[in-house]
Amino acid sequence: MIYFHGGGFLLGSIETYDQATYLLANLTRMTVVSVEYRLAPEHRFPSSLQDCLTVSRELFQYENEYGINSHRIIISGDSAGGNLALVVSQTLINEGYRLYLINLLYPSLQFFDLTLPSYKIYLKRNILGILNEENFLLMLSLLHEKSLQAHEDIFSNAHVSFEDQQRLYPYINPRKYLSTNYQSLSKEKNQNLIENFQYLITPSMSPLLVSDEQLKQLPKILLFTTEFDILRDEGFIFASRLKSLNQTIYHHHFSNAFHGAHVFLYGPLRFEIAHQMIQHTSQILCDHIR
Numbered sequence: 067m068i069y070f071h072g073g074g075f076l077l078g079s080i081e082t083y084d085q086a087t088y089l090l091a092n093l094t095r096m097t098v099v100s101v102e103y104r105l106a107p108e109h110r111f112p113s114s115l116q117d118c119l120t121v122s123r124e125l126f127q128y129e130n131e132y133g134i135n136s137h138r139i140i141i142s143g144d145s146a147g148g149n150l151a152l153v154v155s156q157t158l159i160n161e162g163y164r165l166y167l168i169n170l171l172y173p174s175l176q177f178f179d180l181t182l183p184s185y186k187i188y189l190k191r192n193i194l195g196i197l198n199e200e201n202f203l204l205m206l207s208l209l210h211e212k213s214l215q216a217h218e219d220i221f222s223n224a225h226v227s228f229e230d231q232q233r234l235y236p237y238i239n240p241r242k243y244l245s246t247n248y249q250s251l252s253k254e255k256n257q258n259l260i261e262n263f264q265y266l267i268t269p270s271m272s273p274l275l276v277s278d279e280q281l282k283q284l285p286k287i288l289l290f291t292t293e294f295d296i297l298r299d300e301g302f303i304f305a306s307r308l309k310s311l312n313q314t315i316y317h318h319h320f321s322n323a324f325h326g327a328h329v330f331l332y333g334p335l336r337f338e339i340a341h342q343m344i345q346h347t348s349q350i351l352c353d354h355i356r
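Residue numbers (the numbering used here): 67 to 356.
Everything labelled a hint here was simulated from the structure, so no lab data went into it. Being a predicted model, the structure only gives us computed values, none of them experimental. Just to be clear, a hint being listed does not mean it is correct.
DSSO-like, lysine-lysine: derived pairs with alpha carbons at most 27 Å apart [unchecked claim]: (1) K190 x K253; (2) K190 x K242; (3) K253 x K186; (4) K186 x K255; (5) K255 x K242; (6) K255 x K190; (7) K242 x K282; (8) K242 x K253; (9) K212 x K255; (10) K282 x K309; (11) K242 x K309; (12) K186 x K286; (13) K242 x K186; (14) K242 x K212; (15) K286 x K255.
Distance windows between CB atoms, simulated [claimed, not checked]: (16) R336 x Q257: 45 to 53 Å; (17) Y128 x K190: 42 to 50 Å; (18) S136 x E254: 32 to 40 Å; (19) L204 x Q85: 25 to 33 Å; (20) N92 x N135: 15 to 23 Å; (21) H346 x I159: 36 to 44 Å; (22) H109 x G162: 23 to 31 Å; (23) N160 x D230: 20 to 28 Å; (24) E229 x E279: 18 to 26 Å; (25) I339 x H109: 18 to 26 Å; (26) G195 x P236: 20 to 28 Å; (27) Q215 x K190: 35 to 43 Å.
C-beta atoms are modelled at their ideal positions from N, C-alpha and C, and glycine is treated no differently.
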């Protein structure tokens, strides 16, 4: 298993994720390769993606040197790492590699529609004291190659042009995939955001924004989402799209967990739900690799 850690492309390391990846490896008896990719702001987009692709290609091409079976490689990640895992998977498939399985824990899948209900509800809840509007804008600004300031208009989708709105909306379509009736896309646009943050709605940052034909090329997906999470709804949209295409997907929703919970395994901030999440994920992984 190749594992990409979360942290909003700004935080995290193989050390901060060591307890989680060690437990995952121990419970599944898999070889887990945890990737130390470059982080913003020192290294801006797409540095993290380039590092994850380099490691993945290396393992596929030199399987004998690493003592692994390239026909059974699982690409995995959580949050921003889940984003990287899906983008890497799509890129490798386009290059002719065959993946065994993709395992995603509350992945970030799109920056197209930031008015989804889970964004509106949980950005204001300030989960972990980190997931809030101010830090979300900071992340987008620090990822940008020119460190341009992301404006709060982005929360009304003012960064998406009318042309891109029409072109990409079918890939999200909350009314279809979430069965909800709400007006998601604004009529007011910010030309500065449209011109400077176009990269956010490319497949390299929003892997959900690809055609059905591209989704059909994906291997089996294991998807885990949490209730108290700004990324909840895009996970459900992803699952719904895959199911509508008759793709094989296992989707489990942790209704009593929050974003980032799975790393709180030990010490004074130990949460029992963290152990439950990794144990359940490990069991499902084992069930699908036998």
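(message) Given the hinted pair K212 and K255, is their Cα-Cα distance within 27 Å?
(response) holds, 21 Å
(request) With respect to the beta-carbon atoms only, verify the hint that Y128 and K190 lie 42 to 50 Å apart. (result) At roughly 47 Å between Cβ atoms, K190 and Y128 fall inside 42 to 50 Å, so the hint holds.
(request) Verify the proposed pairing of K190 with K253, using a straight-line Cα cut of 27 Å. (result) Holds, at about 23 Å.
(message) Just to be sure I understand the hint, the distance between the Cβ atoms of Q215 and K190 should be within 35 to 43 Å; is that true here?
(response) violated, 21 Å
(request) Would you mind confirming whether the straight-line C-alpha gap from K286 to K255 stays at or under 27 Å? (result) At roughly 38 Å apart (the allowed maximum being 27 Å), K255 and K286 break the hint.
(request) Check the following: the C-beta atoms of R336 and Q257 are separated by a distance inside 45 to 53 Å. (result) Holds: the Cβ-Cβ distance is about 48 Å, inside 45 to 53 Å.
(message) Hint check: K253 vs K186, CA-CA at most 27 Å. Holds or violated?
(response) holds, 18 Å
(request) With 23 to 31 Å as the target window, see if H109 and G162 comply at their CB atoms. (result) Given about 28 Å between the Cβ atoms, the range holds.
(message) Run the distance test for K242 versus K212: straight-line Cα separation, threshold 27 Å.
(response) violated, 37 Å
(message) Between the alpha carbons of K255 and K190, is the straight-line distance 27 Å or under?
(response) holds, 23 Å
(request) Please test the hint of 36 to 44 Å on the beta carbon pair from H346 and I159. (result) violated, 27 Å
(message) Hinted pair, alpha-carbon criterion (27 Å max): K242, K186. Please report holds or violated.
(response) It holds: about 19 Å lies between the C-alpha atoms, which stays within 27 Å.
Violated hints for the displayed structure, listed by number in ascending order: 12, 14, 15, 18, 21, 25, 26, 27.
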